[in-house]
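Participant: Single-letter residue listing:
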Amino acid sequence: MSFFSLISTILVGVLFFIIYFGLSNFILDFICRFKKNSIALENSVRAIIFIFPAFLVLFIFILYPVFETVRLSFYDKFGREFLGWNNYLWAINDPNFRRSILNNLGWLLIVPTLSTFFGLVIANLTDRIWWGTIAKSIIFMPMAISFVGAGVIWKFIYDYRGTDDHQIGLLNAIVVSLGMEPQAWLTISIWNNLFLMAIMIWIQTGLALVIFSAALRGIPNETLEAARIDGASEFRIFWSIIIPFLERTILVIWTIITILVLRVFDIIYAMTNGEWQTEVLANLMYDWMFRGGGDSGRGSVLACCIMIGVIPILFWNLYRHRQEQKYEN
Amino acid sequence: MKIKINFSSILSQLLLLFFVILWITPTFGLFISSFRDKDQLAISGWWTSLVTTEVNEIHRTKGKKDQVEDEGFYIIKGNLFKKDEGKKVLSYGVTSKNINAYKVGEVAILKDKSEITVFENGNYQLKSKSEFKKKKGRRIFITATSPPSFTLDNYKEVLFKEGLGQAFLNTIAVALPATLIPLIICSFFSYSLTWMNFFGRDLLLATIIASLVVPLQMSLIPILTIYNDLGALFNVEAKSFPGVWMAHTGFGLASTTFLLWNFMKSLPNEMLEAAKVDGASHYDTFVRIVIPLSIPAFASIFILQFLWVWNDLLVGLVFLDKHPSEIILTAKLKELLGSRGENWEILTTGAFISMTVPLFIFFSLQRFFIRGLVAGSVKG
Numbered sequence: 000m001s002f003f004s005l006i007s008t009i010l011v012g013v014l015f016f017i018i019y020f021g022l023s024n025f026i027l028d029f030i031c032r033f034k035k036n037s038i039a040l041e042n043s044v045r046a047i048i049f050i051f052p053a054f055l056v057l058f059i060f061i062l063y064p065v066f067e068t069v070r071l072s073f074y075d076k077f078g079r080e081f082l083g084w085n086n087y088l089w090a091i092n093d094p095n096f097r098r099s100i101l102n103n104l105g106w107l108l109i110v111p112t113l114s115t116f117f118g119l120v121i122a123n124l125t126d127r128i129w130w131g132t133i134a135k136s137i138i139f140m141p142m143a144i145s146f147v148g149a150g151v152i153w154k155f156i157y158d159y160r161g162t163d164d165h166q167i168g169l170l171n172a173i174v175v176s177l178g179m180e181p182q183a184w185l186t187i188s189i190w191n192n193l194f195l196m197a198i199m200i201w202i203q204t205g206l207a208l209v210i211f212s213a214a215l216r217g218i219p220n221e222t223l224e225a226a227r228i229d230g231a232s233e234f235r236i237f238w239s240i241i242i243p244f245l246e247r248t249i250l251v252i253w254t255i256i257t258i259l260v261l262r263v264f265d266i267i268y269a270m271t272n273g274e275w276q277t278e279v280l281a282n283l284m285y286d287w288m289f290r291g292g293g294d295s296g297r298g299s300v301l302a303c304c305i306m307i308g309v310i311p312i313l314f315w316n317l318y319r320h321r322q323e324q325k326y327e328n
Numbered sequence: 000m001k002i003k004i005n006f007s008s009i010l011s012q013l014l015l016l017f018f019v020i021l022w023i024t025p026t027f028g029l030f031i032s033s034f035r036d037k038d039q040l041a042i043s044g045w046w047t048s049l050v051t052t053e054v055n056e057i058h059r060t061k062g063k064k065d066q067v068e069d070e071g072f073y074i075i076k077g078n079l080f081k082k083d084e085g086k087k088v089l090s091y092g093v094t095s096k097n098i099n100a101y102k103v104g105e106v107a108i109l110k111d112k113s114e115i116t117v118f119e120n121g122n123y124q125l126k127s128k129s130e131f132k133k134k135k136g137r138r139i140f141i142t143a144t145s146p147p148s149f150t151l152d153n154y155k156e157v158l159f160k161e162g163l164g165q166a167f168l169n170t171i172a173v174a175l176p177a178t179l180i181p182l183i184i185c186s187f188f189s190y191s192l193t194w195m196n197f198f199g200r201d202l203l204l205a206t207i208i209a210s211l212v213v214p215l216q217m218s219l220i221p222i223l224t225i226y227n228d229l230g231a232l233f234n235v236e237a238k239s240f241p242g243v244w245m246a247h248t249g250f251g252l253a254s255t256t257f258l259l260w261n262f263m264k265s266l267p268n269e270m271l272e273a274a275k276v277d278g279a280s281h282y283d284t285f286v287r288i289v290i291p292l293s294i295p296a297f298a299s300i301f302i303l304q305f306l307w308v309w310n311d312l313l314v315g316l317v318f319l320d321k322h323p324s325e326i327i328l329t330a331k332l333k334e335l336l337g338s339r340g341e342n343w344e345i346l347t348t349g350a351f352i353s354m355t356v357p358l359f360i361f362f363s364l365q366r367f368f369i370r371g372l373v374a375g376s377v378k379g
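Protein chains in written order, with numbering that gives the first Met the number 0: chain A, 0 to 328; chain B, 0 to 379.
Honestly, the hints are just simulated from the structure, not real lab data.
Positions of the beta carbon are idealized from the N, C-alpha and C atoms, including for glycine.
Do not rely on the hints blindly, as some may be mistaken.
As the list claims (entries may be wrong) - Only pairs whose alpha carbons sit at most 16 Å apart, straight line, appear in this in silico EDC-like list of lysine to aspartate or glutamate:
hint, chain 1, residue 1, chain 2, residue 2
1, B, Lys112, B, Glu130
2, B, Lys264, A, Glu323
3, B, Lys275, A, Glu41
4, B, Lys81, B, Asp111
5, A, Lys325, B, Asp201
6, B, Lys63, B, Glu130
Unchecked claim - Non-contacting residues of chain A with respect to chain B, defined by C-beta distances greater than 12 Å in every case (computed):
hint, residue
7, Thr8
8, Asn24
9, Pro64
10, Ala197
11, Glu221
12, Thr222
Unchecked claim - Residues from chain B shown here face chain A by an in silico Cβ test under 8 Å; the list is partial:
hint, residue
13, Ile9
14, Ser11
15, Tyr73
16, Ile74
17, Cys185
18, Met217
19, Leu232
20, Leu358
Just need the whole structure built from these sequences, with the hints factored in.
Facilitator: What follows is the structure, given as structure tokens:
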């Protein structure tokens, strides 16, 4: 693609929508100039103009697919023949599926917990140190990097060479300098999952950190001062004032990272592609979407399993939204 | 003056320093490695490249073609190093069994009675009474000190030979529209959710909140089917840039709308009421008042969505071809991980190129990035 066609492709895509809004509103204004006393009609037509594109996209790309995926999970690989619960039964008996469920549970337990924990600790440290802002930037930086890029970074760290060669992977170089045997880390079953999780924790700690930092500023200084005057230790302040104050924020960060972890795909796909017992639901689903021409039934079952994981969070969010609306009115 | 040493402060500084080093080292290693010579990269850790190190190398002298006759001797002269890298020879050898046999400047006598001398700067001189007959030169093993040296060769190789330059342009062609389109349609959408009264508004809002957490895996199969059917119906490619733009628009719609709605409802009500009294239509109010006021929110959302699209792998894999004219950076990088898994000079450089734009945005617009994340999480 040449530079010129790049620019024109981008312009065409963006201008299409600008012209839609500009033109339709212009026509409406034009018509309304001749028809006075039609404000109610004008307003409802304008509401339709404003909402239509977004609603259409929402319907085509989210609402319809959710129901279609649930429907497809009961059909065969081409989506033609009704199979009842057969796809689900297949999944339960599939060793790869069971491994994915176990791994996903491991990811769900470990990654949000450690990311939130590190984020909270580092946010507290940076709060009181003059070079805290720089430290925050550095720890936050992995958030800007793609999962694949992070995959390359960490694969380089986990790199393994034979015992006689110089280790160029940092982890093995450290292990060797401590006098131990180098390991091919990503192929050690079960443990390798932890090495993959480390990447996600490395990325998501930054997210937790910036959100906690913003929330920490909300703690009234008087409360902290009062506690210090009363002779409370820093640890005590952290435990008895800061943690209870941040309870809600902790929960929110936990849910955000949980959602991210449930659909983790890129890291596994780039690093191991599910080999050596590292399979997760999202990668298994991608596999079934294309394996042997694609199996929409089995792929949909796996998508539904990921969906089941987020449903509690979905309802919790709706509940909180309702509470907020009530409070505002 | 009393100097107070605060142990708890020193302890927390040390702890923070530990975290910072732990977090920066992986990226730093990648960054350094992408500038290293590919032969060096394959045999030594990146941390050794920062200081002068000792390396063992094998070189070959020139062959019989280059010999000159001088006062009864046949002489071959040359330099072992291809280019001036600032290396210094410490010792050398002529057999693989004893690579440190001679100090630099010493004369080594070979089996065929010819003499060789290697100097510190890599110059060598082969001298013999009889003519050299071998086409290939002799192998020489050297131990040399190598100062830190960096090169841009990897970047040239990766951008132009491996096709990452093209992938970079493709990613721009995906990411810019896939960020601007949702921004345009969602700003109108959030305006109507905030300031217009219509039937089903609350339900629509609840749907947006629910859609926020729906994993995009739920949409992949049905949308792929739609695209394939559309492609077959109109006889066009099912995988295309507009297809990816719309997919990204769909997946980013809920969060973009939610963030904008959150921002717009905090705008002062009086201002909009005043505009209404003056007879401004909703479109005028939106363009003249709401858009200028929302620029900071637009900036945050633009950055969030742009980074999300730029870093995305799954959507690009599913809805774009792997053909060079369509493949995006992350997909290309994954392809290289598979095909060039041991060529770290290509992988590290490729990864760093894919990170340039996000890192630039991150360091220049960090404020907006953080603001967007915080707004999206604390309120959401």
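Participant: Each of the hints needs a verdict: does it hold here or not?
Facilitator: Right, here's what the structure says about each hint:
Distance hint between Lys112(B) and Glu130(B) is fulfilled; the C-alpha atoms sit about 11 Å from each other, no more than 16 Å. For the hint linking Lys264(B) to Glu323(A), the alpha-carbon distance of about 13 Å falls within 16 Å, and the restraint holds. Restraint check: the Cα-Cα separation between Lys275(B) and Glu41(A) comes to about 14 Å, which is no more than 16 Å; the hinted pair holds. Our distance criterion of 16 Å between C-alpha atoms is broken by Lys81(B) and Asp111(B), whose separation comes to about 27 Å.
Taking the CA atoms of Lys325(A) and Asp201(B), the gap is near 12 Å; set against the 16 Å cutoff, the hint holds. For the proposed pair Lys63(B) and Glu130(B), the alpha carbon gap of about 8 Å is at most 16 Å, so the pair holds. Not every beta carbon of chain B lies more than 12 Å from that of Thr8(A), the smallest distance being close to 5 Å; the non-interface claim is violated. Interface exclusion of Asn24(A) from chain B breaks down, the closest Cβ pair being 4 Å apart, not more than 12 Å.
Some Cβ of chain B comes within 12 Å of the Cβ of Pro64(A); the nearest lies about 4 Å off, and the non-interface call is violated. The beta carbon of Ala197(A) sits about 10 Å from the closest Cβ of chain B, which is not more than 12 Å, so the claim that it is off the interface is violated. With a least beta-carbon separation of about 21 Å from chain B, Glu221(A) lies farther than 12 Å from that chain, consistent with its non-interface assignment. In this structure Thr222(A) is separated from chain B by more than 12 Å, as the shortest Cβ-Cβ distance comes to about 19 Å.
For Ile9(B), the suggested interface contact is broken, since its CB lies about 10 Å from the closest CB of chain A, more than 8 Å. Interface hint at Ser11(B): satisfied, since its Cβ lies 5 Å from the closest Cβ of chain A, which is below the 8 Å cut-off. Here the hint on Tyr73(B) is broken, as its CB sits about 39 Å from the closest CB of chain A, past 8 Å. The criterion of a C-beta within 8 Å of any C-beta in chain A is not met by Ile74(B), whose closest approach is roughly 37 Å, and the hint is violated.
Annotation: Cys185(B) was flagged as interfacial toward chain A, and the flag holds, the nearest CB pair being 6 Å apart, inside 8 Å. Because the closest C-beta pair between Met217(B) and chain A is about 5 Å apart, less than 8 Å, the hint holds. About 16 Å separates the beta-carbon of Leu232(B) from the nearest beta-carbon of chain A, more than 8 Å, and the hint is not met. Interface hint status for Leu358(B): upheld, as the beta-carbon distance to the closest one in chain A is roughly 6 Å, under 8 Å.
Going through the hint list in order, the structure does not satisfy hints 4, 7, 8, 9, 10, 13, 15, 16 and 19.
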